[in-house]
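What follows is the residue order along each chain.
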Amino acid sequence: MDDILVLDTARTPRGKGRPSGALHEVPAVELAATVLRALSARNCLDESLIEEVTLGCVEAHREQGGAIGRIAALHAGFPDTVPGLQVGRYCSSGLDAINSVAGQIGSGMLQLAMAGGVESMSRVPMASGGSAWWADPEVAFETNFISQGVGADLVATRRGYTRERLDSFAVESQRRASEAQRTGAFDKSLVPVSNGIGLPLLTADEIPRRETTLAALAGLKPSFAQPKSGFDSVATLGFPEVEQIEHSHHAGNSSAIADGAGAVILASAAGAKVAGIKPRARIRSWATRGSNTTLMFGGPLPASEKALQLAGMTWSDIDLVEINEAFAIMPIWFSEHFDLDPEIINVNGGAIALGHPLGATGAMLLGTVLDELERRDLQVGLVSLCVASGMGTTTIVERI
Amino acid sequence: MDPITYQVSDKVAILTFNTEGSVNTLSWQVVATLGDRVEQFLADDTVVGAVITSAKNDFIVGADLGMIAELDNWNGDRRELLQKWSALNRVLRRLETGGKPVAAAINGSALGGGFEVALASHYRVGANDPSIRIGLPETQLGMIPAAGGTQRLSRLLGVERACELMLTGARLTTTEAVEQGLIHQVVTPDELLQTAKDWAASAPDAHQPWDKPGFEMPGGEVQGARGMRLFERLNASAHATGGNYSPHVRALLTAVFRGAHSGFDAGTRIENEQHLKLLIDDTTARRLVRTEFFGIGDLRKQTSRPDVPVRNFTTVGVVGAGMMGAGIAQVAVEAGFKVILVDLSTELLAGALDKLESGWRKRADRGSITEEELQLRINSIKMAENISALADCDLVIEAVTENRAVKRSVLSQISSAASHAIIATNTSSLPISELADAIDDPARFIGLHFLSPVPVMPMVELVSGSASGTAAIAAGFDFVKALRKIAMPVGDGPGFFGTRLFHAFVSEGVALVAEGVPPAIIENAARQAGFRTGPLEVLDEVSLTLCIDIIDGRPNPENTPDAPSTILLRELVAQGRNGRRARAGFYEYPDSPDSRKRLWSGLASLAAGIEAPQPLDPGTSDTWSKELAAYAGRRMQLAAALDAVRARDAGVVNDVTAADVGSVLAGMFPRHTGGSFSFLEDLGLSTAIQEADLLAAAGRAAFMVPDSLRVLAANERTWR
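Respectively, the protein sequence lines represent chains A and B.
Under the working numbering, the residue at position 144 of the first sequence is numbered 144, and the numbers go up by one with no gaps.
Position in the second sequence counted from 1, then plus 400, gives you the working numbering.
For the record, the hints were derived by calculation from the structure and aren't laboratory data.
Some hints here could point you the wrong way.
Below, in silico cross-link-like pairs of lysine-lysine (DSS-like), each with a Cα-Cα straight-line distance of 25 angstroms or less [stated by the list, open to error]:
1) B:Lys997 with A:Lys221
2) A:Lys228 with B:Lys1026
3) B:Lys782 with B:Lys762
Can you build the whole structure from these sequences, using the hints too?
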């Protein structure tokens, strides 16, 4: 396999994913084009060399639909020879876009391409496109479908994670994110987003709340305690050892709804040479696995094991980990399962503090971990995201 | 007899249903005839439209459910089956797209397939008779509408309301039906036919809304954002309610979700396929039809009632004003009897009367009974503290506490006070032959086992003791019939039939606790196996001491004093954990009203101290708890089903279809199986025996296989 090189990474700040959010007036195609243009401009890239623009997007419909990779590339002003693709695997879509392009580079089918993801959750809301998974009765019944929030509460119940433990994690995520902002940890990849007449709309992540305290979180009501929804009962069909689900997740210990885009330039050694760009890192391996759909969050465990195995690595080779904070249970379960040092996990906070623009997050996390490896002069980072319906995707990246 | 007559009147064809039997039903032959009549009408140049109506009191009450029974002997040809079972759909589609207007004159109840015929008509007029019911209640018997009903109702009302009506099996009056848009117009019965004829003759548009260009689904597209959210909700709540045994709910929702998004004809194909899948790939629908339609229907005919004249009785005495006595008094008053309620406690009497009156008053306030009916009811019930007040009663029901000595003493007083009355004891478990000698003439003594709560439960076990006379037994039948309940004749014996099965079920739940199975798994396993509640929850409700009393009163193989389950029960009671009323049992009952009861955390260590066989090793896979729950659920079903066989061997029941009904309505056996005997048949007697033998070999006496079952299995036969 050819070397799969990461030439550069970029992302927009994450805006609050609601009408009052700073990025609400910016459609997804604009967010994506902003990042694509910045990657090109920063690296003085000959755009005719771009052989593919693959973007992850979860709610790929309405203004966000229709092969947004191609439409964003066109809107970015790339030559019309540059094709585009949209990929979807729920929350890991952005990382899966990178992995999919990486595979084509590794096999020699591509020499240089961009990959990433975008989501404007304030404009095209979560789940608005519908899905057979939960709406088609045959499928919903077969898979014991429950909402992700109840799935997270189910994991917390089964694993005995108390509300206080989840809240403590959330407070720490907030502290780390604010500290990262203060020390400029995100600056390298950040690309400001401008309004229609070129004035800056947002230059830094909008969501972190430095002032968050355990006491403040303790006052929040559980978000997924809806006994009438039936989800609790459906959960016990799959997990009858659970007498009743403790609803412990709420707005403060779950990922925030957000708008944003992120992307990377990937290339083979030959592609990097022709473009004249110095590579920052190489992709060592990646993997996606599925697990129990009702339990929802088990996927990152086997996906990470497989990725490590493919890279010929063990956990002792991993310097930093980004495990997406979709819900507080995820990083807790992940680090507990692999017995990891909390000081290498989500060192700059995560989606609880920063927000989770679904299709974009995977691409953003790859940039975040690479920037931090450089800051700390470490070598290997592992990025993993839990994915709805029980999947998980992991990518291992190593600095050059 | 011609099941559908064809007459022409004022240029309108009148198709009148008058099928064989007391009500109009749709049999294969009737469907074929309807097809012929529709072609005749469309080809008839002398008519401009048609009216469909009925010569009977009902319009059409649905399919002939004998069709479902045929499927137990189906030859396996799916193509042929689909062709046959889509016949009514084809006829109705031809009717509504034939180009001539059709009106349904709904003179009586139009249910199921009957309402589907009306839905395929372009105009529906109903008579304003309050006894008429309209609806698609198929899901109540585990089926779905399959002659376009899911498709037409969705397109008529929008998917949300359509699903709601079909999932609840709602039966609307014509007034409600017109308000909600199911029918177009309501008129007096006299005007009905003429109104329908006038409409058909007025050359109206002969297209259904869904066949017109530009048709839009009321309430929005089923697969639009709103519909998607609706189905997320419907799927989850239906799945939560029906658990693993809701194939019909799943099929109904699928027919609507997929079908209402399709072209009409594809929609009806989807509906047909879903319906047949239910009927052939799952036993639930066929068993519900056999047990709850035919079985209950047969029981209501009371063929076991002794052939003696009906004895008119007007005054019923009830002794004991506790929950059961008050409940019996209530239903007796509501059935039109004069009731004398006797209790030693004035307080209890006053409380019971108060509760009854306020309940009736609420109904009067809601308008479900008139002010006169309210007064009549209040005047029909008298209270007395002395049994001598029962002198003039025709029937006296003793409903005092479930204790042999107390019952005997009260019965002997009743026997002297009411010298001519039929006397019944309401007991859930005491053999009535052990009480009979308290009566001067045991021939006038029977048992009536009412279930709690009396006003709600549809079944009463009618117990004949060895000395019960035919007049008393007949009176029992007549009384239960007057209450509009189902009399289940049973022989005498501890726990009769219902309590016996119930007890076998809960005992097995306790045995599983004693074996160390996590209690939450047992509770969930029972619900997932189709029991209405978990065994531990319901034991807490009835109290653990009641269960121990039953064990003490009934030396049967499993209920030995040294059985692990018995030891566990006694230990709990010794610790003051007698159930919900003690606010401690298998569950803990928090004082705060907004916290829910929780399984008591001490159960595991209590069980650890009891010597018991080891249950299945669940292993450590992801699905260990699911497998353990399936195993536990099967054990509770099997324990109850085997005891039903023993009860039959002991002569408590005879007819297995009736026993199937009793097992569900009085014994809490999972409804979807069609009852305990159906369960064993569908599991396969040999499989049941194999599973039971393994458990019996491990020391579980509840699973000792009755010889009668082995003989049947050896001969490859069942009871039917």
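Structure versus earlier hints, numbers of those that do not hold, lowest first: Per hint list: zero violations.
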